[in-house]
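K.L.:
Here the protein sequences line up with chains A and L, keeping their order. Residue numbers 162 to 273, in the numbering used here, belong to the letters of the first sequence in order. Residue numbers 1442 to 1556, in the numbering used here, belong to the letters of the second sequence in order.
Check each hint, because a few of them may be wrong.
What the hints assert, rightly or not - Partial pick of chain L residues on the chain A-facing surface, computed with a CB cut under 7 Å:
id, residue
1, Pro-1480
2, Leu-1484
3, Phe-1501
4, Ser-1527
5, Leu-1531
6, Gly-1548
What the hints assert, rightly or not - Just a sample of chain L residues kept apart from chain A, beta carbon distances all over 12 Å, derived:
id, residue
7, Gln-1459
8, Ser-1463
9, Ser-1511
10, Asn-1512
11, Arg-1514
12, Glu-1516
13, Asn-1518
14, Ser-1520
15, Glu-1523
16, Asp-1526
17, Leu-1529
Treat the hints as calculated values from the structure; they're not laboratory data. This structure is a prediction, so every number in the text was calculated from the model and none was measured. Beta carbons are placed, not taken as given, at the ideal position from N, Cα and C, and that holds for glycine.
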Amino acid sequence: KQEVTQIPAALSVPEGENLVLNCSFTDSAIYNLQWFRQDPGKGLTSLLLIQSSQREQTSGRLNASLDKSSGRSTLYIAASQPGDSATYLCAAHGLTGNQFYFGTGTSLTVIP
Amino acid sequence: KAGVTQTPRYLIKTRGQQVTLSCSPISGHRSVSWYQQTPGQGLQFLFEYFSETQRNKGNFPGRFSGRQFSNSRSEMNVSTLELGDSALYLCASSLALRGGIDEQFFGPGTRLTVL
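Using the sequences and the hints given, assemble the complete structure.
P.N.:
Written out as structure tokens, the structure is:
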């Protein structure tokens, strides 16, 4: 069964700092990996999707990379802002069963 | 294009009751998945429906069931509610393209509280 882990569980940084969130998965047989943002009590907002054939995707200040062979993905946030404060989740889309496996998330706080 | 909508947004029930939650996917999306989110267990997959058929199921008891209608709208039902069923229930829709290039879009969720 696919296991997805996110480290660290919580992160607090001053505004303007660049940061990296980590996601690891145990089964490299995936279709894609998707990063989400969740604000307290809300649903998930899709940030980036990386197909299994891709190495990275970029959207604005966000850059996500994927290394299937090592079972790792990173989300890089440049020039962090207080509005980036949220929980960030990664999800691996398994080849079997069309199921997404979620990590437990990284709670990010950006201090003004 | 309207996003994924879920109704109701909040629900309070008592133990032993049953509940039905509704999800309307993005127009054109054929796959609907349901997830349970709790502080202790995180996001756990319940089931996925595609073309009115349950295509995949997570590890939840039979009290949890669902269905999908011809217009892709989906409902989830939980019978004989237990205190541990209190959670945020999230619905996600996707185009279900071949090859797995399948970005999921989530609704705002239904917050269920069981007393």
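K.L.:
Arg-1514/L: least C-beta distance to chain A exceeds 12 Å?
P.N.:
With a cut-off of 12 Å, Arg-1514/L remains clear of chain A, as the shortest Cβ separation is near 17 Å.
K.L.:
Should the label of Leu-1529/L as a non-interface residue stand, given a Cβ cut-off of 12 Å to chain A?
P.N.:
Non-interface label on Leu-1529/L violated, nearest chain A Cβ at 8 Å vs cutoff 12 Å.
K.L.:
Looking at Ser-1463/L again, its CB stays over 12 Å from all of chain A?
P.N.:
15 Å, holds
K.L.:
Find the nearest Cβ of chain A to the Cβ of Asn-1512/L and say whether that gap is larger than 12 Å.
P.N.:
Correct as stated: the minimum Cβ-Cβ distance to chain A is 21 Å, above 12 Å.
K.L.:
Evaluate the condition: distance from the CB of Asn-1518/L to the nearest CB of chain A exceeds 12 Å.
P.N.:
Given a closest Cβ separation of 20 Å, the condition holds.
K.L.:
Min Cβ distance, Leu-1484/L to chain A: is it shorter than 7 Å?
P.N.:
Because about 4 Å separates Leu-1484/L from the closest Cβ in chain A, which is inside the 7 Å limit, the hint holds.
K.L.:
Taking 12 Å as the cut and beta carbons as the points, is Ser-1520/L off the interface with chain A?
P.N.:
Fine: 23 Å to the nearest Cβ keeps Ser-1520/L off the interface.
K.L.:
Does Gly-1548/L pass the interface hint, meaning its C-beta sits closer than 7 Å to a C-beta of chain A?
P.N.:
Result: holds, 5 Å to nearest chain A Cβ.
K.L.:
Please confirm whether Glu-1516/L is truly not at the interface, meaning its C-beta sits more than 12 Å away from all C-beta atoms of chain A.
P.N.:
With a cut-off of 12 Å, Glu-1516/L remains clear of chain A, as the shortest Cβ separation is near 18 Å.
K.L.:
Does Gln-1459/L clear chain A by more than 12 Å, comparing its Cβ with all Cβ atoms of that chain?
P.N.:
24 Å, holds
K.L.:
Can we trust that Asp-1526/L is non-interface, i.e. its beta-carbon lies farther than 12 Å from all of chain A?
P.N.:
Since the minimum Cβ distance to chain A is about 18 Å, Asp-1526/L lies beyond 12 Å and the statement holds.
K.L.:
Is Ser-1511/L truly not at the interface, in the sense that its beta carbon sits beyond 12 Å from all beta carbons of chain A?
P.N.:
With a cut-off of 12 Å, Ser-1511/L remains clear of chain A, as the shortest Cβ separation is near 20 Å.
In summary, the structure is inconsistent with hints 1, 3, 4 and 17 from the numbered list given earlier, while agreeing with the others.
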